[in-house]
Amino acid sequence: MILNLMGIIGLGIVWGWYLGTFTGRVHHLSFTVPALFSASLAVSAYLFWSSRISGLTLLAISVLVAMIIHMLWRRELQKRYGQIRPDYPEVLL
Amino acid sequence: MSTFLQLLGACCFGILIGWYIYYINRHRKDDVQFSDLVTLVGVLGGATVLTVFPEESDLFGAYGVGLAFGFFGYFVLLIILVKRSDNFDTDYFLDGRNKDENGKMRVPPLSDRGAGAAMNANSSGGIEGHRE
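Protein chains in written order, with the working numbering: chain A, 1 to 93; chain B, 1 to 132.
It cannot be assumed that every hint is accurate.
Here chain A is said to cover these stretches of chain B; the calculated rule only asks that three of the stretch's residues, wherever they fall, bring their Cβ under 8 angstroms from a Cβ of chain A [stated by the list, open to error]:
{"#": "1", "segment": "10 to 23"}
{"#": "2", "segment": "58 to 71"}
{"#": "3", "segment": "76 to 87"}
In case anyone wonders, no lab produced these hints; they're calculated from the structure. Note that the structure is a prediction, hence the values are computed from the model and not measured. Note that beta-carbon positions come from the ideal geometry of N, C-alpha and C, so glycine has one too.
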């Protein structure tokens with residue numbers, strides 16, 4: 001049981017970190033955001049189906065924590081080194 | 001109840017997949033592609049994974065833990081390599097920027113990001129061997 005929950009946290013932090021990589025790097029906003037949202041929904045639905053509400057809650061928390069940490073880190077880097085590609089809209093900051 | 005060897009195997013499989021996910025994302029040529037997302041959702045909880053590691057089992061848990069280890073293992077190794085290199089700084093993680101042979105900072109084109117591109121950079125700041 002514990003290992004299963006740790007596995008869900010593992011999935012969550014990988015997915016959250018992955019979502020964080022799009023901070024300030026989204027070029028085709030109309031496609032990327034719905035695509036990422038749909039994929040997140042698919043992962044959540046799968047976790048809900050397999051582990052019910054406890055798994056989904058754990059997934060949501062770990063995704064959010066990893067995404068926020070990654071976004072803060074990237075923002076800190078941006079402050080230190082300057083704008084990421086001036087031609088890119090900063091839609092997720 | 002899974003044996004230790006089964007758990008170890010699931011964990012190692014997860015490490016491999018996690019490592020590969022980071023690799024694929026790092027060498028992404030443009031914004032996220034639909035095929036990337038399908039692949040990613042598939043490896044996180046697709047039919048194949050569920051066949052091998054049934055949901056709510058310890059094997060699935062070991063796979064998830066391995067996935068995180070592989071993914072962040074790649075990231076940690078990248079941090080170490082960037083720290084040790086004279087041509088890369090932490091800003092590499094923003095958009096792949098690095099120094100060319102003359103010590104000038106350059107941001108590689110989006111289609112040429114990644115270590116392979118950096119290693120193939122020529123003196124004029126262009127990229128060789130990555131034309132498609």
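- Which numbered hints does this structure break? Per hint list: single violation, 3.
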